[in-house]
Each structure stands twice: as C-alpha cells, then as structure tokens.
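J.: Here the protein sequences line up with chains A and B, keeping their order. Just so you know, the first sequence maps onto residues 1 to 448 in this note's numbering. Just so you know, the second sequence maps onto residues 449 to 896 in this note's numbering.
Hints were generated in silico from the structure; no laboratory data involved. Hints should not be assumed to be uniformly reliable.
Unchecked claim - What follows is a set of in silico ranges between Cβ atoms, one per label pair, in the way DEER data are often shown: (1) A:A227 to B:L674: 52 to 58 Å; (2) B:G689 to A:R410: 49 to 55 Å; (3) B:P529 to A:H20: 46 to 52 Å; (4) B:D705 to A:L168: 55 to 61 Å; (5) A:R265 to B:D777: 49 to 55 Å; (6) A:L168 to B:G742: 39 to 45 Å; (7) B:R877 to A:A205: 29 to 35 Å; (8) B:R535 to A:A188: 55 to 61 Å; (9) A:D21 to B:T639: 42 to 48 Å; (10) B:A464 to A:P100: 36 to 42 Å; (11) A:S373 to B:R478: 36 to 42 Å; (12) B:G742 to A:E151: 42 to 48 Å; (13) B:E499 to A:P100: 36 to 42 Å.
What the hints assert, rightly or not - Away from chain B, derived, C-beta distances all over 12 Å, residues of chain A: (14) P14; (15) V32; (16) V49; (17) A96; (18) A112; (19) K166; (20) P245; (21) L278; (22) A285; (23) A413.
By construction, the Cβ of each residue, glycine as well, lies at the ideal position given by its N, Cα and C atoms.
There are 2 protein chains.
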Amino acid sequence: MKLIAPQWIAPVEPAATVLHDHAVAIEGERIVAVLPAQQARQAWPDAAVTELPGHLLVPGFVNLHTHVPMTLLRGAGDDLPLERWLRERIWPLEAALISPEFVADGAVLACAEMLLGGVTCFSDMYFYPEEVARAALDMGMRAAVGIIVIEFGSPYGSGAAEYIRKGLELRDQLRDEPRIRFTLAPHAPYTVSDDSFRRVASLAAELAMPVQCHVHETLTEISDSLAQHGKRPLQRLADLGLLGPDFIAIHAVHLDDADLALLARQGAVVAHCPHSNLKLASGIAPTARMRAAGIPVGIGTDGAASNNRLDLLAEARTASLLAKGSSGDATAWPAHETLHAMTLAGARALGLGDQLGSITPGKQADLVAIDLSEARTLPVFEPVAQLVYGAGSDQITAVWVAGKVVVHERQLAGQQAVSRLGEVVARTRLWHNRIVETLPAGLRLSGA
Amino acid sequence: MKLIAPQWIAPVEPAATVLHDHAVAIEGERIVAVLPAQQARQAWPDAAVTELPGHLLVPGFVNLHTHVPMTLLRGAGDDLPLERWLRERIWPLEAALISPEFVADGAVLACAEMLLGGVTCFSDMYFYPEEVARAALDMGMRAAVGIIVIEFGSPYGSGAAEYIRKGLELRDQLRDEPRIRFTLAPHAPYTVSDDSFRRVASLAAELAMPVQCHVHETLTEISDSLAQHGKRPLQRLADLGLLGPDFIAIHAVHLDDADLALLARQGAVVAHCPHSNLKLASGIAPTARMRAAGIPVGIGTDGAASNNRLDLLAEARTASLLAKGSSGDATAWPAHETLHAMTLAGARALGLGDQLGSITPGKQADLVAIDLSEARTLPVFEPVAQLVYGAGSDQITAVWVAGKVVVHERQLAGQQAVSRLGEVVARTRLWHNRIVETLPAGLRLSGA
Numbered sequence: 001m002k003l004i005a006p007q008w009i010a011p012v013e014p015a016a017t018v019l020h021d022h023a024v025a026i027e028g029e030r031i032v033a034v035l036p037a038q039q040a041r042q043a044w045p046d047a048a049v050t051e052l053p054g055h056l057l058v059p060g061f062v063n064l065h066t067h068v069p070m071t072l073l074r075g076a077g078d079d080l081p082l083e084r085w086l087r088e089r090i091w092p093l094e095a096a097l098i099s100p101e102f103v104a105d106g107a108v109l110a111c112a113e114m115l116l117g118g119v120t121c122f123s124d125m126y127f128y129p130e131e132v133a134r135a136a137l138d139m140g141m142r143a144a145v146g147i148i149v150i151e152f153g154s155p156y157g158s159g160a161a162e163y164i165r166k167g168l169e170l171r172d173q174l175r176d177e178p179r180i181r182f183t184l185a186p187h188a189p190y191t192v193s194d195d196s197f198r199r200v201a202s203l204a205a206e207l208a209m210p211v212q213c214h215v216h217e218t219l220t221e222i223s224d225s226l227a228q229h230g231k232r233p234l235q236r237l238a239d240l241g242l243l244g245p246d247f248i249a250i251h252a253v254h255l256d257d258a259d260l261a262l263l264a265r266q267g268a269v270v271a272h273c274p275h276s277n278l279k280l281a282s283g284i285a286p287t288a289r290m291r292a293a294g295i296p297v298g299i300g301t302d303g304a305a306s307n308n309r310l311d312l313l314a315e316a317r318t319a320s321l322l323a324k325g326s327s328g329d330a331t332a333w334p335a336h337e338t339l340h341a342m343t344l345a346g347a348r349a350l351g352l353g354d355q356l357g358s359i360t361p362g363k364q365a366d367l368v369a370i371d372l373s374e375a376r377t378l379p380v381f382e383p384v385a386q387l388v389y390g391a392g393s394d395q396i397t398a399v400w401v402a403g404k405v406v407v408h409e410r411q412l413a414g415q416q417a418v419s420r421l422g423e424v425v426a427r428t429r430l431w432h433n434r435i436v437e438t439l440p441a442g443l444r445l446s447g448a
Numbered sequence: 449m450k451l452i453a454p455q456w457i458a459p460v461e462p463a464a465t466v467l468h469d470h471a472v473a474i475e476g477e478r479i480v481a482v483l484p485a486q487q488a489r490q491a492w493p494d495a496a497v498t499e500l501p502g503h504l505l506v507p508g509f510v511n512l513h514t515h516v517p518m519t520l521l522r523g524a525g526d527d528l529p530l531e532r533w534l535r536e537r538i539w540p541l542e543a544a545l546i547s548p549e550f551v552a553d554g555a556v557l558a559c560a561e562m563l564l565g566g567v568t569c570f571s572d573m574y575f576y577p578e579e580v581a582r583a584a585l586d587m588g589m590r591a592a593v594g595i596i597v598i599e600f601g602s603p604y605g606s607g608a609a610e611y612i613r614k615g616l617e618l619r620d621q622l623r624d625e626p627r628i629r630f631t632l633a634p635h636a637p638y639t640v641s642d643d644s645f646r647r648v649a650s651l652a653a654e655l656a657m658p659v660q661c662h663v664h665e666t667l668t669e670i671s672d673s674l675a676q677h678g679k680r681p682l683q684r685l686a687d688l689g690l691l692g693p694d695f696i697a698i699h700a701v702h703l704d705d706a707d708l709a710l711l712a713r714q715g716a717v718v719a720h721c722p723h724s725n726l727k728l729a730s731g732i733a734p735t736a737r738m739r740a741a742g743i744p745v746g747i748g749t750d751g752a753a754s755n756n757r758l759d760l761l762a763e764a765r766t767a768s769l770l771a772k773g774s775s776g777d778a779t780a781w782p783a784h785e786t787l788h789a790m791t792l793a794g795a796r797a798l799g800l801g802d803q804l805g806s807i808t809p810g811k812q813a814d815l816v817a818i819d820l821s822e823a824r825t826l827p828v829f830e831p832v833a834q835l836v837y838g839a840g841s842d843q844i845t846a847v848w849v850a851g852k853v854v855v856h857e858r859q860l861a862g863q864q865a866v867s868r869l870g871e872v873v874a875r876t877r878l879w880h881n882r883i884v885e886t887l888p889a890g891l892r893l894s895g896a
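Make the full structure from the sequences, and use the hints.
T.: Pasting the structure below:
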C-alpha cells in the first residue's frame, strides 16, 4: 500500500478537474482511491508516502502512433522531400538493416526516451513485433504491438499472409502478458490489397482487436486511390468493412467534409501526429473540425525518422497550438482536452479505456509527476495549462507503470531497463557506422 | 586564455559547416581562433581546456522578440480569444501591477529561463526598461532594451513623449555597458500616432538605432488600418520613413505579395514568433515565401503570457517545421539555416552582426554547448539537424557570455544570478496571490 501526495492531481476523469492536496492510494498495480491527503494518511497510517510538493500528477501518456525501431534512423533523412526521404534513405536503409537486433536496439532507445518523457504505453507498427514487445517488457512499459500487414516481403517474412500468421502466433504466446496488447496494423491503402484488408476486417471482428492504418497522409495518396480504385482511401476502407469504433486513422491530414462525416458516423479515432506531418510537408490536419464533428483524437509522435523526437508532451503542445493557429480560434483544443487526448483518448483507442488513461480507482496505476516549481513554470495559475503550454518533458521527475516506479529523479529506475539501455547505447556507434556505410557514396551522412 | 574542445562545432560562419575535433580559443571576452584541437593544444599548452565529448558547440542564441516581465503573467490567460485575452486579463493585470518591482522580478525569471535554454542575448519591449537592463546585467546576459513608444499613459510615464525622453536618458546612462544596447520600440501601428512614428524615424536615423514594431499580427489590425489610414500598416510605416535595414517587423503574420516586396526592397528584417502566433490564433506567417524573397528572418519567443515558454530552440524547431508543413515543401528552412536564424540573423537585426552570432575570431565568446550523447539524440548523423529537430533545450549543459561561464552542468553558474533568482522565486507566491486578487471574482484563476 502506498500513497502519492502531489500538490495537484489532474485525474482526467472527471473532466477538466484539478484536485489540490489530494493523494492517490495504490495497492499493488492498481489505484484504490483518490482522496484528500489528510484523509488518506488517516485511512492508511502505515502506507509509504511519496510527497511531491510543487508537482502535478497526471495519468501516464499514451503515444498513439510510433515505429520504435526507427530511432536508429533518427536524423538519417532530414530536410528531404517525402519521396526522396523514402526512396533514397528510409527504404534502402531498412532493406539493408532490418533484423531482430536492429528492431530490439531501436526499440530500447525509444522506450528509454518515452519513459523519461512520461509515456507509459505506446502503439507501434513495425517488423519483428516480438522484439518490440520484448523491449517494452524489459524496459517496464506497456505496448500495443502492431501485427504488420503489407504486401511486400522483408527479412521478417514473405508478405501479408506470413506477417499475419507470425503476428497471431506472437499474440498467442503473449496472451498472459498484461502489459502487451495487439492491434492489426495494415500499413496504408497504397501498400495493402483489398484481399488483405478484408482478412484484417474479419480478424478484427473475430478477435476484437483494434485496427490501425496510415490514411490520407498526403494528397498523392488520395489522387492515386481515386485513379486506381475510383474512390478516396477512407471510402475504400469503409467499403471493405474496416471502419468502426476500433479503427485508428493514423495522420488523417487531408479530410474533406465527406471524410469527416464518414469518420464521425463510424465512430473511428484519429491518431494525430503533427510534427511528422509538418516535417514531411504532408500538411496540417484539420483537428479543430475533427473535434467539432465529435471524432475522438489521440496523439502520436510517429517514428523518430520523421519527427525526430518521441516526446508526447511536445507533440501535444504543438497539436493544441496548431489547432488554434490553423482554425483561427484561440479557444480550440484547450489544455484540459489536450491532456485528455494524450491519455484517455489514446487508451480508449487501444481498447484499454477501462484500465488506463485516468486516475480513477480500479484502474492501473500508470502515473506521471511533473515538477512545476522551476523558474520557467512559475507562477502556477492553472497547473494543466502550465503543463501543456509551459512545461518541458524534462520536468517529469517520476513515472509509475502498474504501480511500479520506472522513472525516479528524472532517471530510469528499473535495474533491467538501465542495463538494457547501457548495452544499446554502447552499440549505437556500430549502428551509426553500418548506416553510413549502407548509403551510396553520394548520399553519405556525416556526423561520425 | 582558454580552450573549449567539443566533438563538433557549428560556427554558422562559414555557412552550413560542421567542424569535427576542433577547439575554440578564447582570450578574455573574445574568440581568438577556431582550429583543430590538437593544433590548439600545441599552440597554447598552458591554456585551460574544457573537454566536451558528445557535445555540439554553437553560437549563443538571440531571442529577437520578447517582453521579459510578462513571465509573471505566464498562464494567466490561456485558451482565450485574443480580444478577451487582452481586455479581460493582460491589460487589467498590467494596469494594476506594472511597477519597477514587477518588471525586475519578471525579468529575472525570464533571464534564468533563457540562459538555461542557451539564449545569450534578447530583444525586449516593455515599460521600465532600466529594470530589464539591470536584470540582464545581474544575470550575466546581453539585452537589446526597447525604448517603448505608445500613446497611452502608465505608471511608467504619461505617454510617447515621456517614454522616449526616459528611454534616451537611460541609453545615455548605460552608454558604457557593452552588454546593453537599445532599440526604438514603437508598440504597434494601432497604438502609435503618425507624429510619434515620425519622431521615431528621425531618432533612428540620428542615433543609428534599430526600430522594432509589432506589425501585421492580425487581420483586424490590417482592416482597421485600411479603414482609418486608407493603407495597410506596413505601407503606412514605409510612408512615414520607418522601413529600412534597421527595421524589425515583429510577427508579420499576414503579408500579401506587395507587403513581401516592400519588406524585401527595404531590406527589413522579420522577427518570427510562431508559438505566439499559433496560440493567439493570429495565423501562420509565410516564412517560406519571406525567405524566398530574400527577407532576413530571425526568431523570437514573444512574452511568456502568449507562448508560454522562452525556449528559443523549441521556437526554432516549430519555425522550421511550420515552414515545411504550411508551404508543402519538406526542404523549406533546413536545419543549418534554422541555426543561422537563431543566431546570426538575430544579431544582425540588432546591429550586432560584427560582434555576435557566429563562432568567428574577433567576435564575442557567446557560446552554447549541447550534449547530444543522450539516448534521445543517438545516433548522431548530422549534429545541427539533431540539434534543431531532435534535441531539447535541457540538453544544453554549458553557456558562455563574453567568455564567462554563465551556465555550468545545466545550472546557473554566476553567484549573483543564483542569488537574484533565489530572491525572485521566493517572491513568486506573493505575485501569484496579487495577480489572482486583481482579477474580478468571475475571472479568478485557480492554481494556488
């Protein structure tokens, strides 16, 4: 039994609430109560108390879209147009490098960065999902691991059918791991056939799994679909039975009125990745209109090759500011709703809304403490606004996953996490050299 | 005599250069050489050497637009439309609070935040500029202090004429302070009369001072000017003789083709403040078009009441990403040119391009060291891209102003700076309470 007693708690449920001088009572991996701190001390006089003066406590952040192994390609393709980024850098590098070791090491780097930034759960899409799951478990995090579906072969497998088979086997193996869940992850409308999409739809219904898919990321994707299929990608997915409350539309940058109405009618969720959309010049997603249409919007960082950070707080701040700046409405996406998007909206999208995403008795104790007492966040009028607009993720001093301390005094706390990260950091120079040597001479990166 | 030997140096001049295993030699306040580290050790065998493995060294950042005292109002008006933000929060609070103490304390908080984030010089606009200058000197920074010009009275003075007189007196008093410079700071086209603008233009010419002015921040400002003056604000300023290479157009969010051509022809500079423009829903400045037209663009944070951070690195990252995302060109505003905007472009705008803004022999030793060896910025292919797209300002471990260490191991190093900050932090709760009590009951802020 333990108590966490911060200056403020923003529980997310009930909405837009800030509790002063309250405590969270935790037993094992669960939250058992949220109550005035003095009452908590009286109720559990023997409980260990973590005092956090000047801190705000919020639910663990959910990164609703990333490709964790791509941390090893961070900075390997900056300032290039999307086509050249993919054709000259990302695809040739991935073709040469993808292996269980690459995925494992990249995933460990990503988990370290995310945990220190308050992310306790992430939704991933990549090859060798078993290595992503293993890294998340070793590092003490939760993951929703994607069962990748894409037509082309890779060292991981020959194509969609084999990827699905391997993914489902992995899901069976990890059935008893409470920190690992699965999604079906068809890559994108332009890389997945109608047949494979139909198979995904039927598996999703049979196994009650969320489906995530990159969609309407660029205008080219939409015009190609119109040329090839006679319809926009979202309409094609709807016709194939993919859309619904378990569908996560990743990016969704270019949406016309019919697209917005379709998503809203189907109850689908958007995974908004503003930094990636800006960096690759995909555009600015109409999040104010999505939200006005009642479409749930969660936030993702995308992979580190197109961001280049896995900092969900920075991502959320940009999401909120961009919604205001691009809609002309300074009240769009206010701070409390931004915190909701970073937590409960992401958890619900992954089918975990009953377990994660708010500081509510009965839920898992996934928690983040942010120190707002530094000069750069003083004075504090509204702690949640100060978190979203003012604070940096480096002001996160402590993080808990399932009641266990995973970040303490701004450092990874788990012994296994520290040792896994140390091994990977030591190997990063070797990955760097292999990546540089893999590129043709004219495209070589510097930085060694 | 001392040497700084980081893993990489990005000197900004020559452009787009990264030096490996070089050292910067510093004598007193000036850079005397930039040369291979081994050669430097041979040339000055007795010099104190600061080794910085895994670090990138860059010039000190120049925050080209801020209102430092407004840190005390950080978070006092979030998620409100611009009009209500001004009329219900900022103006009533300022009317009640502005005093030398308010300005001094807010400025100290701001200087601490900026120094820790690598800002070595800032351009300010506020009342009681003597307090801003004093805070900058005490904290060990440089400042270009604005001589505020605005028609309405305040506790600081009765109006434009008195503000100018007081500002010029202060400039005379501080003539021998090498770390303080002055600009003329007419507030905005809608708060300054033609007569005052003419006076500013004549003083600027006579005293060779830069002029900074908020301009084309909102569409309302432009339509009001068309109604009142029959011309757009920039054209009015041009007709009054304000534009030229010493003119800093703050914000410049809404520019048509004629505005762009006018700024380019006059050689004026833009101070781009993307977070403030987004947060207040002013819009997205067309920086890709400005840059294509040859208009120099520096970067500012604006005040903490509309940002809410004074983090120039975060601001620059958003500037670069927003240029790409809003222009549809992923190669817009690449990393090296972003670093240039944060340093040399800002220095030149303030008339300090011969002294600051690049790591060049003869210039002042204003330097920033960033640790790129953390998990979240590994591996490093292109250090400048890693700085702009990947790193957080909390990875800044050391900062020098005029050859003096002002940040050491991520903490303020100056004894006076530490003690000034300590006093102000202790008073912040009092400011918080005064601010909360100043607002009418219905508008009260929480957070206490």
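J.: Please go over all the hints and tell whether each is borne out by the structure.
T.: Cross-check of the supplied hints:
Between A227 of chain A and L674 of chain B the beta carbons are some 45 Å apart, a value that contradicts the proposed interval 52 to 58 Å. Distance hint check: the CB atoms of G689 of chain B and R410 of chain A are about 53 Å apart, consistent with the given range 49 to 55 Å. Between P529 of chain B and H20 of chain A the Cβ separation comes to about 28 Å, which falls outside the hinted range of 46 to 52 Å. Roughly 58 Å separates the CB atoms of D705 of chain B and L168 of chain A, a value that falls within the hinted 55 to 61 Å.
Take R265 of chain A and D777 of chain B: their Cβ atoms lie about 35 Å apart, and the range 49 to 55 Å is violated. The hint said 39 to 45 Å for the Cβ distance between L168 of chain A and G742 of chain B, and at roughly 58 Å that hint is violated. At roughly 57 Å, the beta-carbon separation of R877 of chain B and A205 of chain A lies outside the given 29 to 35 Å, and the hint is violated. Between R535 of chain B and A188 of chain A the Cβ separation comes to about 47 Å, which falls outside the hinted range of 55 to 61 Å.
About 43 Å separates the C-beta atoms of D21 of chain A and T639 of chain B, a value consistent with the hinted range of 42 to 48 Å. In this structure, A464 of chain B and P100 of chain A meet the distance hint of 36 to 42 Å, their C-beta atoms being roughly 38 Å apart. For the hinted restraint 36 to 42 Å between S373 of chain A and R478 of chain B, the CB-CB distance of approximately 38 Å keeps it satisfied. Between G742 of chain B and E151 of chain A the beta carbon distance is about 47 Å. The supplied range of 42 to 48 Å therefore holds.
Taking the beta carbon of each, E499 of chain B and P100 of chain A are about 37 Å apart, inside 36 to 42 Å as hinted. Distance to chain B confirms P14 of chain A as a non-interface residue, since its nearest Cβ pair spans about 15 Å, more than 12 Å. Annotated as non-interface, V32 of chain A keeps its C-beta farther than 12 Å from every C-beta of chain B; the closest such distance is 27 Å. At the 12 Å boundary, the C-beta of V49 of chain A stays outside the reach of chain B, the nearest C-beta of that chain being 22 Å off.
Chain B leaves A96 of chain A outside its interface by the beta-carbon criterion, the shortest separation being 15 Å against a cut-off of 12 Å. Distance to chain B contradicts A112 of chain A as a non-interface residue, since its nearest Cβ pair spans about 4 Å, not more than 12 Å. The beta carbon of K166 of chain A is kept farther than 12 Å from every beta carbon of chain B, the shortest such distance being approximately 29 Å. No Cβ of chain B approaches the Cβ of P245 of chain A within 12 Å, the least distance being about 29 Å, so the stated non-interface status holds.
Distance to chain B contradicts L278 of chain A as a non-interface residue, since its nearest Cβ pair spans about 3 Å, not more than 12 Å. Its beta-carbon lying about 10 Å from the closest one in chain B, A285 of chain A breaks the requirement of being farther than 12 Å from that chain. Separation of A413 of chain A from chain B is adequate, the least Cβ-Cβ distance of about 15 Å exceeding the 12 Å criterion.
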